[in-house]
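These protein sequence lines map, in sequence, to chains A and B.
Under numbering that gives the first Met the number 0, residue 325 is the last one in the first sequence; the count climbs by one each step, no gaps.
Under numbering that gives the first Met the number 0, residue 283 is the last one in the second sequence; the count climbs by one each step, no gaps.
To be clear, the hints were calculated from the coordinates, so they are not data collected in a lab.
The beta-carbon is built from N, C-alpha and C at its ideal position, and this holds for glycine as well.
Just to be clear, a hint being listed does not mean it is correct.
[Stated by the list, open to error] Which stretches of chain B does chain A cover? Using the computed rule of at least three CB atoms under 8 Å from a CB of chain A, they are:
no., segment
1, 23-34
2, 37-50
3, 61-73
4, 110-117
5, 132-142
6, 225-233
7, 258-271
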Amino acid sequence: MATVPHLDFERDIVDLQTQIDQLLGLADRKGIDVSQELDVLRGKLQTLKEDTYRNLTPMEQVQVARHPSRPYALDYVQRVFTDWMELHGDRAYRDDEAIVGGWARLGDQTVMLIGQQKGRDMKENLRRNFGMPHPEGYRKALRLMRQAEKFGRPVITLIDTPGAYPGIGSEERGIAEAIAFNLREMARLRVPLVSVVIGEGMSGGALGLGVTDRIIMMEHSIYSVISPEGCAAILWRSAEHREKAATALRLTSKDLLSLGVCDRVIPEPVGGAHSDWDETARTVKTALVEIIAELSALSHEDLLTQRWAKYDSMGAWKESDGSTGS
Amino acid sequence: MAWFRKDKQPLKAQDRRDLPADVFDKCDGCGEILYREKLSQNLNVCPHCGHHFGIGAQDYIDILLDAGSFREMDAGMRSGDPLEFRDLKPYTDRIAAAEAKGRNEAVRSGVGTLDGIEVALAVMDFGFVGGSMGSVVGEKIARAGRAALERGIPFLIVTASGGARMQEGIYSLMQMAKTSALLARLHEAGLPFVSILTNPTTGGVTASFAMLGDVNLAEPGALIGFAGPRVIEETIRQELPRGFQRAEFLLEHGMVDQVVDRRVLKSTVARFLRHTFAGWRPES
Ligand SMILES: [Zn+2]
Chain A
0 MATVPHLDFE RDIVDLQTQI DQLLGLADRK GIDVSQELDV LRGKLQTLKE
50 DTYRNLTPME QVQVARHPSR PYALDYVQRV FTDWMELHGD RAYRDDEAIV
100 GGWARLGDQT VMLIGQQKGR DMKENLRRNF GMPHPEGYRK ALRLMRQAEK
150 FGRPVITLID TPGAYPGIGS EERGIAEAIA FNLREMARLR VPLVSVVIGE
200 GMSGGALGLG VTDRIIMMEH SIYSVISPEG CAAILWRSAE HREKAATALR
250 LTSKDLLSLG VCDRVIPEPV GGAHSDWDET ARTVKTALVE IIAELSALSH
300 EDLLTQRWAK YDSMGAWKES DGSTGS
Chain B
0 MAWFRKDKQP LKAQDRRDLP ADVFDKCDGC GEILYREKLS QNLNVCPHCG
50 HHFGIGAQDY IDILLDAGSF REMDAGMRSG DPLEFRDLKP YTDRIAAAEA
100 KGRNEAVRSG VGTLDGIEVA LAVMDFGFVG GSMGSVVGEK IARAGRAALE
150 RGIPFLIVTA SGGARMQEGI YSLMQMAKTS ALLARLHEAG LPFVSILTNP
200 TTGGVTASFA MLGDVNLAEP GALIGFAGPR VIEETIRQEL PRGFQRAEFL
250 LEHGMVDQVV DRRVLKSTVA RFLRHTFAGW RPES
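Bound-form chain A, shown alone (with noise of 0.2 Å):
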């Protein structure tokens, strides 16, 4: 639970939760009761926490996106699944810790689970590269997706990068080649794909791993072309134009929904994912747990034809005759 306040409409929540806290302390220490005084507050606290989160502004959005204190990755397999067999390697150039792949039991089923991994702290960022794979990352990931087709289990990726990496090497290896790869793969897979941003998708590094028969987003996710400050640099010449971006760019879970984009919400707790990873966790196992069951009841031939007439319809365009399409 955070107690160092990161975003600015935090404080009063952090206040508030360190006056409970206080007075818990007091109440131990003296043998007080104070369970009324707790009452109220924890009252207000939760109004608090209410009437922030759900008047979030689409940047404000963002940054809960992008929290240091969210669940990632890894700290999803550890309470949503169960023995986890991790996997290492591109079998080409190296591991990419990046993305972290193997397999994990989701209740009684085996899934192939394949996420993206920010670092907790600068050591494991530098390991992790903040997120940001490198083409062997994405090999890794389709020689995974490969292995789960060959054993006949479904896949779930977990999406949360920045991007990815922008480098030298990164290039030289072809990152182009390995994100359009797996889109293609990806596309002609014979095992149920879900994809569940838990952060932030950004750009063609996320949606390298998110060609899935079903797209889920977290409550406080966001899914977008580009981030807001680099569409900000390019559209409006400056990134301090990060909020009308971050607006128009429409890339939270409730646009992405509307725009017919995400199938599905996971709705998080109040306060978002950060202030209670394990009741985040719960939601997300119930939602995976329905989804696999339903996608591994269509025979292969129903899986890709669905798939594929999803991604057909993606789009909004005008038509010759002026009529409307997508």
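Based on these hints, arrange chain B with the ligand on the given structure of chain A.
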């Protein structure tokens, strides 16, 4: 051109103002002043240094397809404004300004013949909002691909793009998935897909269909990459090596099959199609 060369030094840029701009072009590669009509006859490739000048979608259609064989599809399809996007100006204004230049979108598509082989072709146009990929680009490419699938013919795409059409938000990103999913079906049907990469091809277009050719052919000197050079420089805080992300760099790193001079582009594609496709079917 010989009479110019007598000066030894190519004409400097400032002298160019004295030349009628509609008759001459200065080569970005070697600085030679070139007679535009001659340049055009040479498919806009500098006869001195081989520099490939940027050309439009119609030029590629003319270069690749047999004369008069092109039947255009979806020529009137236009962008919507699904997000009602507005930055410094509304997206609809940007589209209207681009359309006012006589183009409909950043891609043209259709069916025609190449050395007698029927093909589906899509050609991107960098002149329309930087060749950016929005819903229309994705849909037109997907439909051209579907035409290839239905007719059982090869599919060719000529790419030129600055990346995603940000003003269409997530729909723009999803065009990468849409086009790649169509190519997956083409792949399963055993039909050839030829990707021809021209200057510049970056961002989401590179990270989707541009890199998915059974054969990836790049024009000499073309800038091809995922991240733009400036973004990379800002990230790594160092200067990029010479020739980084150019076609020849991609060839060296195994990302394209050949760097092909525009003047032999059609014959190269034809040879590939005969090896992989046309030659296999017994002629009646
Ligand atoms: Zn030249």
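Checked hints:
Residues of the segment 23-34 of chain B lying with their CB closer than 8 Å to a CB of chain A number 0, which falls below the three-residue condition for coverage. For a cut-off of 8 Å, the count of residues in the segment 37-50 of chain B with a CB near a CB of chain A stands at 0, and the three-residue condition is violated. Judged by the Cβ-Cβ criterion of 8 Å, the segment 61-73 of chain B is not covered by chain A as claimed, because only 1 of its residues qualify and three are needed. Taking a C-beta to C-beta cut-off of 8 Å, the segment 110-117 of chain B contributes 0 residues in contact with chain A, too few for the three needed, and the coverage statement is violated.
Residues of the segment 132-142 of chain B lying with their CB closer than 8 Å to a CB of chain A number 6, which satisfies the three-residue condition for coverage. For the segment 225-233 of chain B, the assignment as covered by chain A holds, since 4 residues bring a beta-carbon within under 8 Å of that chain's beta-carbons and 3 suffice. Under a criterion of three residues with beta carbons nearer than 8 Å to beta carbons of chain A, the stated coverage of the segment 258-271 of chain B fails, only 0 such residues being counted.
Hints 1, 2, 3, 4, 7 from the earlier list are contradicted by this structure; the remaining hints agree with it.
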